[in-house]
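Student: The residues making up each chain are set out below.
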Amino acid sequence: MKRSSLLFCLMFLFSSLAIVQANDIEQQIAQIKQVQKEGQGNLAASKAVQQLSKADASALVPILSSFEGANPLAVNWLRGAFEAIAANAIEQKKLPVEKLEKFVLDTSQNPRARRLAYETLIKVDSKAEDRIIPGMLNDASVTLRRDAVQRLIDEAKSLEKADKKDQAKKVYQQALTGATDSDQVKAIVKPLRGLGEKVDLQKHFGFLSDWMIVGPFDNREKKGYDTVYAPEEKIEFSSALEGKDGKVEWKSVKTEDDYGIYDIAKSISAYKGAVMYCAADFNSPQEQALEIRLGTPNAWKIWVNGKLLFARNEYHRGMVLDQYSVPVTFKPGKNVILLKLCQNEQTDSWAQRYQFQLRIARPSGTGVLSQNPEATTQLTP
Amino acid sequence: MKNEYIKLLLPLIAVGLCCGADWPQFRGPLTNNVSTSETPPSKVNQENIAWITDLEGRGASGPIVVGDKVFITSTTGFNQDQLHVLCFNVKTGKRLWERQFWATGRTQCHNKMCVATPTPASDGKRVFATFSSNDVVCLDLEGNLLWIRGLSHDYPNASNSLGMASSPIVVGETLIVPVENDDDSFTTGLDVKTGIARWKIKRPRVANWTSPAILKSSAEAEPLVLLQSSEGVDAIYPETGETAWQFEEGAGRIPSTTVGDNVLYVPSNGLTALVPGSSSEPPKVLWKEQKLSPGTASPLVYQKRVYTVNRAGVLNCADPQTGDVVWRLRLKGPFSATPIAAANHLYLISEKGLLQVVQLSEEKGEVTGDIDLKETILATPAISDNSLFIRSDKHLWKISSK
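Residue numbers (the working numbering), protein chains in the order written: chain A, 1 to 381; chain B, 1001 to 1402.
Simulated from the structure, these hints should not be mistaken for laboratory data.
Straight-line distance between alpha carbons at most 20 Å, and here's what the computed EDC-like set of lysine to aspartate or glutamate pairs gives:
#1 A/K190 - A/D257
#2 A/K222 - B/D1184
#3 A/K123 - A/D56
#4 A/K47 - B/D1140
#5 A/K301 - B/D1184
#6 B/K1304 - B/D1319
#7 B/K1193 - A/E38
#8 B/K1112 - A/D183
#9 A/K93 - B/E1098
#10 B/K1394 - B/E1375
#11 B/K1091 - B/E1142
#12 A/K47 - B/E1142
#13 A/K222 - B/D1183
#14 A/K169 - A/D183
#15 A/K47 - B/E1173
#16 B/K1094 - B/D1068
#17 B/K1125 - B/D1191
#18 A/K223 - B/D1184
#19 A/K37 - B/D1184
#20 A/K123 - B/E1098
#21 B/K1200 - A/E38
#22 A/K37 - B/D1191
#23 A/K222 - B/E1231
#24 A/K223 - B/D1183
#25 A/K54 - B/E1142
Estimated spans, in silico, between C-beta atoms of each pair:
#26 B/E1366 - A/E221: 50 to 56 Å
#27 B/P1282 - A/E345: 28 to 34 Å
#28 B/R1330 - A/D348: 28 to 34 Å
#29 B/V1206 - A/K307: 26 to 32 Å
#30 A/D258 - B/E1375: 33 to 39 Å
#31 A/P72 - B/V1206: 25 to 31 Å
#32 A/R220 - B/S1278: 36 to 42 Å
Glycine is no exception: its CB is placed at the ideal position from the N, C-alpha and C atoms.
Hey, can you work out the whole structure from these sequences and the hints?
Tutor: Take a look at the structure:
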């Protein structure tokens, strides 16, 4: 009787301690999630993260679960604590591998948290990659998906080498469904086209290829960047506007480039000290939070439905795919995208490009097409 | 009064504490590329490689050394958006810990450089790692997170499509972080304990890859921080960010100002030697010399001589009083890493990974040894434990006397 009482007391004590620890962990996580811009909340978060980092392995999954709804700064704070705990757990051979794998496979969880769980898991389980990655081809996690695509690329290459062309083609096609990183897309599309397959890269990435364009307006001494010209006030395709060198009119242009590049310098004129405005529609079936992904070596501003989303006053520092990602919420139906593109007056040979590429994508990078593609190509004057 | 006196001395003490064998930031304890107490090998060959450790991803940031630990940064991922801070044992090269974070700012970079280009810094208790994404991570020496800032997250137009390269420095209780670029351009002084800004000042809106330097004009004087830009050099107080004086004749945006014997050597009009100004007096130009124009590597002052390496890989040695060239030595370049000096030798590592050791004398410089590490190396090495610490993307080397 005495022994059972003692046992009961010990069990009560341990369960109470576990509850206290769990409560502490919850509070510390909540404190960390309060961090905001400009160091707001840093003092309290710093204390919390140092305490949390000393927790045992039972805190790992709660930390991962807390990524959902946390801002990008808080996610990094949480990752700092997670890694400190995970390093200790690995050293003590106490990593909760089954729980981590379950977490990786739970697609309702935050994609970055799932990737972190996966990276931690493979430190102790060399076979986890073979079990997990093949199922990640269309995952919301950019990096899990990338690994899955790479396995298929490697497989397709082997098949191609073995002269199994039909099988290789199928595997390349499968790989393309998950590929969004340009290096992988290129590694798939080149052999796929070599095998006789047609690939519409503009469609794959979600590039806008048909634009209405007007200009040039004056940007001498780079003053046009902050000058409000008529298209910023109202888009009227039928009106002639006062440009830099006289009247200018909107005209329809189209790019056939695989990567959606529209080259103003080559296709219209190598303007210097100029502003051009480019407009396109994007039809959305419902309200949706997406990203406008822009590449350009020129200064720019972008509006959606008349609202300024972002502006960047930088000239000739290179141009790459997805150079800028601007979050946007499209309303149901027609959305009007207006891009202001500014060219300066530099005479250096490396400062002559006047071009852009613009696509609509999910945060994971997969391209999103306008609901009615025809609508984006028929912005008639 | 007594407290005020101690308060004034604190930054000096903090700088002084770092002046031992540690190499706590880009270009060393006093940001002048010189080690006064160490004796790295003067003749080097493959047998001088004490250890090599493997690295992943990309990294053009230099190693730093604090006590028995070497710290480096690197990045992985297709977009280089995984930011790594790594710690190794000085004696063995064993990896002690690694922490990773996600970039919260843009990670676009020129192919030559990478997101892990700024060299980390330490105040002896903490490590501060900054990246081209303008994320600032503060860890203790055991890898425990103390705080994080995401400066591009806070200020989304603070970025450079070619990448940010300026390294932070620590002076007293302030971490000075330059975020100078074509758009939202600033430098900020962060409290080392919390990461909260003590100050934030607007800077010229032009891309800038230079790093700050420390000016300590006398043992009693408060250290000043020298911020270089296309407009010149601003000397600021590290605690407040207020300007002490300005040099307004323009300067380069890649090689950084160096201080030697209380004279600034500014990459401006070739190379300009400048006597510091004060609140009442502007700085005074001692001389300007086009022939001493540095390439990518910053100038160096050592043993009463000023050294620059030009774009052709020629090492120039000049009289710091006049700017007159004393001797020249053609080396195997090109060089991105800044030369460092110790024990009467200069250590220069080329972009192709050739470490060249130059013995210095009044009349000439002589290459006394080299090691071909056969990898692209852009990072400025560190000197500590009588050794050199050199890193590429793939490896970290310790080069020691046999």
